[in-house]
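Given the coordinates of chain A, work out where chain B should sit on it, guided by the hints.
Chains as they are written, first to last, in my numbering: chain A, 1 to 211; chain B, 212 to 548.
What the hints contain is simulated information worked out from the structure, not anything from laboratory work. Mixed in with the good hints there might be a few duds.
[Claimed, not checked] Partial selection, computed: residues in chain A whose CB lies under 8 angstroms from chain B:
(1) F18
(2) R19
(3) G73
(4) L126
(5) L130
(6) I132
All C-beta atoms, glycine included, are put in the ideal place defined by N, C-alpha and C.
The residues making up each chain are set out below.
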Amino acid sequence: MLGATTSLEVQTPEGVSFRLPIASPFSRCLAMAIDFAVILALTVLLFQILSILGNMLTHIPVIGRVVSDLSSGLLIILQFLIGIGYGIACEWLLRGQTVGKRMMKLRVIDERGLTLRFSQVAIRNLFRLLDILPSTFYLLGGISCFLTKRCQRLGDIAAGTLVVREVPRFVRPRSRASPRVDPTASRDILTWRPVSVKTPVRQKPGSPSTP
Amino acid sequence: MILDLDKFLRKEWPFWDEMEALLRLEENQPDRRPSLEEARRFHYLYQRVSSDLVKLQTFAGETETVAFLERIVARAYRSLHSENREKLPFRPWGWLTRTFPATFRRHGLAFALSMGTFWLGAGFGAAALGLNYELKGDFIPPQFSHLNEKPSKRVAREEERGFDAFEGRNTFSAQLMTHNTKVTIMTMVTGFLWGIFTVILLFYNGIIIGVVMFDYITDGQGVFLTAWLLPHGSFELPAIFIGGQAGLVVARTMFGWGTNIRLHQRFALIRSDLLTLIGGAALLLIWAGVVESFLSQYHSPAFYPWKIGLGAVQLVALILYLSFCGRRPRRSPATLV
Chain A
1 MLGATTSLEV QTPEGVSFRL PIASPFSRCL AMAIDFAVIL ALTVLLFQIL
51 SILGNMLTHI PVIGRVVSDL SSGLLIILQF LIGIGYGIAC EWLLRGQTVG
101 KRMMKLRVID ERGLTLRFSQ VAIRNLFRLL DILPSTFYLL GGISCFLTKR
151 CQRLGDIAAG TLVVREVPRF VRPRSRASPR VDPTASRDIL TWRPVSVKTP
201 VRQKPGSPST P
Chain B
212 MILDLDKFLR KEWPFWDEME ALLRLEENQP DRRPSLEEAR RFHYLYQRVS
262 SDLVKLQTFA GETETVAFLE RIVARAYRSL HSENREKLPF RPWGWLTRTF
312 PATFRRHGLA FALSMGTFWL GAGFGAAALG LNYELKGDFI PPQFSHLNEK
362 PSKRVAREEE RGFDAFEGRN TFSAQLMTHN TKVTIMTMVT GFLWGIFTVI
412 LLFYNGIIIG VVMFDYITDG QGVFLTAWLL PHGSFELPAI FIGGQAGLVV
462 ARTMFGWGTN IRLHQRFALI RSDLLTLIGG AALLLIWAGV VESFLSQYHS
512 PAFYPWKIGL GAVQLVALIL YLSFCGRRPR RSPATLV
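One chain only, chain A, in its complex shape (with noise of 0.2 angstroms):
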């Protein structure tokens, strides 16, 4: 049941375990809002730029009628390869992200915290169409949110998939950062030159002191 884990716990073989906090299903339903909005301006975008570019040339006896048919066939195809394709596309070139789930700050992962493949994107998001059920209420995904014990839908549970929130970025305390620690020196990863921390130099008892 929702609730039962709020985070995903791996084990590494090294023995060192980590937690992936999950992400709740309100913050995703916010996510897909976002995907979805976004997925209509694109094709309301398409239509404009086809709808131009029809109405440029319907002037022309023959190449008007054709362009006429071919755009609004174009429309279809491309209406449906973002509907498909958007989720998959953003997923695996943004590695787990939609702009949707940039924006809400989430991110879908290996359920064993590993790099997503991209059977997995794909079948994730193949599998929308049985998650949007019954029409498109996102009720059987929704319902497996809620009944699984890691808020996966069913198409995250096909592709082995689970959606996790970002750890916001640490900054730093100020206080905690030593003025005797050379920044430069660590992440100089090119020549690969070790860090170096000046540590301050013992001295043994009764020995003279330095300036």
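Okay, now just chain B, sitting in the frame of chain A:
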């Protein structure tokens, strides 16, 4: 554990920064091959940061730092332990000539069941119509209402009508492609509900075809029917069967017969097969959409032999392709070491 926290953080923070910088570099350039020295350094830093995380997890007050370290360790773990098989470039020719037909054959029983369910539905539809012709209107869905009229009447009308190549052919073709692809994907994903809806979808589509076939054949329009359906049906029906095949593979995975592994592991084994099957079905449906729009609707009796011939050639070619393409030659025992 007794730990001077301030001193520990001052000492370790540069390593965490270095690890983060390396991870950023790797995430921004996923195709970059690190040098041996860089890989060793990465591994050292991963072990060091992991060890720091273990030490800090014992401090209740350091939740922010622990969360920060967990994030770094999670990213490093993902980078170190993930398989990178899929980083290999996708090869369309290899997929078309080997992967797809081989995957299709691997799940041959599911295909046979899918096809069998469909033709069982067709038989049921034909038998029902044979027993009571009044049922025809109940079986034909509203979007195919033109099939409700008497076949001979429709044939006479269609054969007289000319063919306008510009009359919404592209739009019709696009509608067919997208609708059929969606139905095929649906047939696959409904397999998740233990295959019940996959079987229902296949059976129901079979009923419609059975009713139409019975109606046209009993009305003496068998040649028209073959010339109308075979050119695109030779690709469209196998594509729907493949969708059903994928759905039944999903259903078998849900039941987990004959295995003692868990559901997510079972799905991991079939995921790429499902994508291959659905990708192959989509390709077939694209071609079927083009043929149905530009050729199948051209009902001139002079062209019937050509249309039937093309459909038959396509069907035989598809059967040969799916049965034999990409088969590895069997080694003779003498060559085995």
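Comparing the hints with the structure gives:
1. F18: holds, 4 angstroms
2. R19: holds, 6 angstroms
3. G73: With a closest approach of 3 angstroms, the G73 of chain A hint holds.
4. L126: holds, 6 angstroms
5. L130: holds, 4 angstroms
6. I132: Cβ of I132 of chain A sits 10 angstroms from chain B, so the hint is violated.
Of the hints listed earlier, the one the structure fails to meet is number 6.
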